[in-house]
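Trainee: Fit chain B to the supplied structure of chain A, relying on the hints for placement.
Just so you know, the sequences run in chain order A and B. Terminal number for the first sequence in the numbering used here: 513, no gaps in between. Terminal number for the second sequence in the numbering used here: 513, no gaps in between.
Honestly, the hints are just simulated from the structure, not real lab data. Remember, predicted model here, so these are calculated numbers, not experimental data. Be aware that one or more of the hints could be misleading.
Just so you know, same-sequence chains aren't split out, so a pair can sit in one copy or run between any two.
To be verified - Below are the DSS-like pairs computed for lysine-lysine, each with C-alpha atoms no more than 25 Å apart in a straight line: (1) K468 - K499; (2) K344 - K483; (3) K471 - K499; (4) K478 - K464; (5) K502 - K471; (6) K228 - K484.
2 protein chains.
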Amino acid sequence: MKRKRLPVPQYLAGIASSSAVVLSQAITIIESNKPEDQVLASEIMQQLSTIKKENTALRIGITGVPGVGKSTFIDTFGSFLTHQGLKIAILSIDPSSQKTKGSILGDKTRMENLARDKNAYIRPSPSGTTLGGVAHKTHETILLCEAAGFDCVIVETVGVGQSETMVKDMVDFFLLLMLPGGGDELQGVKRGIMEMADAIAINKSDGDQIKTARKAKVNYQNAMHLFPPNLNGWVPPVLLCSAIEKTGITEIWESIKKFEGKMIQNKFLESNRQSQNEIWFEQLLQYKLMEKLYKAPELHTKITETKKSFFQDKINVPTAVNKILKEWQHFDIKKGS
Amino acid sequence: MKRKRLPVPQYLAGIASSSAVVLSQAITIIESNKPEDQVLASEIMQQLSTIKKENTALRIGITGVPGVGKSTFIDTFGSFLTHQGLKIAILSIDPSSQKTKGSILGDKTRMENLARDKNAYIRPSPSGTTLGGVAHKTHETILLCEAAGFDCVIVETVGVGQSETMVKDMVDFFLLLMLPGGGDELQGVKRGIMEMADAIAINKSDGDQIKTARKAKVNYQNAMHLFPPNLNGWVPPVLLCSAIEKTGITEIWESIKKFEGKMIQNKFLESNRQSQNEIWFEQLLQYKLMEKLYKAPELHTKITETKKSFFQDKINVPTAVNKILKEWQHFDIKKGS
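Here chain A stands alone, though its shape is the one from the complex:
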């Protein structure tokens, strides 16, 4: 299926005028693996800085285990923001997502209110085989959304594996959703995640669960004190909320605004983005180099064969790496690609 592509200036003009349709098309090009789309994507990214922006968007990461009510929370929280007059974009990182299997519809139905809200833009996770690849594309999409003038970009992660670290590395504020519960139970959340959080919100703090939630709050607060203090001087609060009853949402937003104010004042917001950019630069460079290497068809087979030979102890890793690098150099010079 060949899709029509526009000239670069039309994408830029569309993004600059906040057209959701053009923004979506541009994101599709960013996410595409076709060589001609990748050239187009580079050109869009290169000229993106020519778009004048009023202000930068605040980037918020949201995570939590399945069952914590993330979709409902984002639906309620996002609607709260749009009612304040803010324009918001919701992106997600989920390496297991298969867009072709209808998750666009899935993403829209799981956030009913936002799906009908003209000030909210929902974009499901790009599909991909590696988490790294998926994360890089989401990171680029954040830049497109910022250029399109959103006030707030929310990046949601599925709450399992390594995706949290990647989201943490691309947002200003990282919110961890938890369930009311004993507090000494870990609820399946990987322990390192708690250390990353700028705030913990205990969702479903409603009905019978309010008492348990209050207890959990104390436990989490105690747990948070065990960590070394953040370099930015921020003490992550533990808050109670109910996405269904729409309680505690204002407090969460106030906390985020307080964080933003402090971090602008102490210049952490700026220096954090700078170091995030440096990390991204290194990672993307590595990723692209490896991609270049794996894409060379002759090498791909060789790499697969090489990996098998570790099994029989035929070759050790440093020797295998040298072999591949030599092959690549030879291939690279021969083809001049």
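Mentor: Frame of chain A; chain B shown alone:
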């Protein structure tokens, strides 16, 4: 200072005959950053598989926060092993080490008994600027030690930062040393580390501290049950020991032997090494590619400049990465290197 180098077959013969002197020289070549040494190192690694080995060494990683008594523990534990007739090598990963400042002497004096033990070989951490570089060299050194016929290779890590993950990825068994204490205090250990441990040993369980240590043991055992079960079916035990009073050492070794027996039986030892090799292959390939790129002097300046321009929002990361890759290709083709 120019050091004399031997022809490759002499290094191989020396390693095969377990000469500590030749092994040390070979490791020095592995650790060297001189281009001529790197060529020599590749040749040694390439021919290493020609050395016939009786058996493979068991690789044990040991970590714990500063103050936990790691050196004394390794001294006692290592001496216990050599008294069982085993030959052991002790390597360490410490990216902050400055070998030129006398840490060889430091490593030998902090393990008094092993330093005088002819069946123990102690090699301090290679110096280096990046943890990745240091880790790759230690990993190669493990292979040299195995070829030299050691029964057991102990890799010690300083217990801070990311070095634990790297050590975990190159050993069969990972031992975490803890101090007697409340159990709900984290003792500065990053939370993810506990999940990596194949056993926890509470050191300094002696004198007044025995009671506290027993309490801590129960707390850690409870904490360990919160984690999802290991894929290999192993439940990490929590043990008490005192390196100074030489108690609990037999139990730790028995635990390790039990682990080894089970993991040979269920083939996890083998499949774990295979996947470790695959991870190492990817990481070393990335590392070498990046090294190649950063070594090109013209690019080095460009990369530094590029990073600075993120500050002024002059360029975004994907554009910067494309620019560097294009420069590199140009440079690479021009110089043919």
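Trainee: Hint by hint, say whether it matches the structure.
Mentor: Hints, verified against the model:
1. K468 - K499: both (16 Å within a copy, 15 Å between copies)
2. K344 - K483: between (32 Å within a copy, 20 Å between copies)
3. K471 - K499: both (17 Å within a copy, 19 Å between copies)
4. K478 - K464: both (19 Å within a copy, 18 Å between copies)
5. K502 - K471: both (16 Å within a copy, 17 Å between copies)
6. K228 - K484: between (52 Å within a copy, 21 Å between copies)
In this structure, every one of the numbered hints holds.
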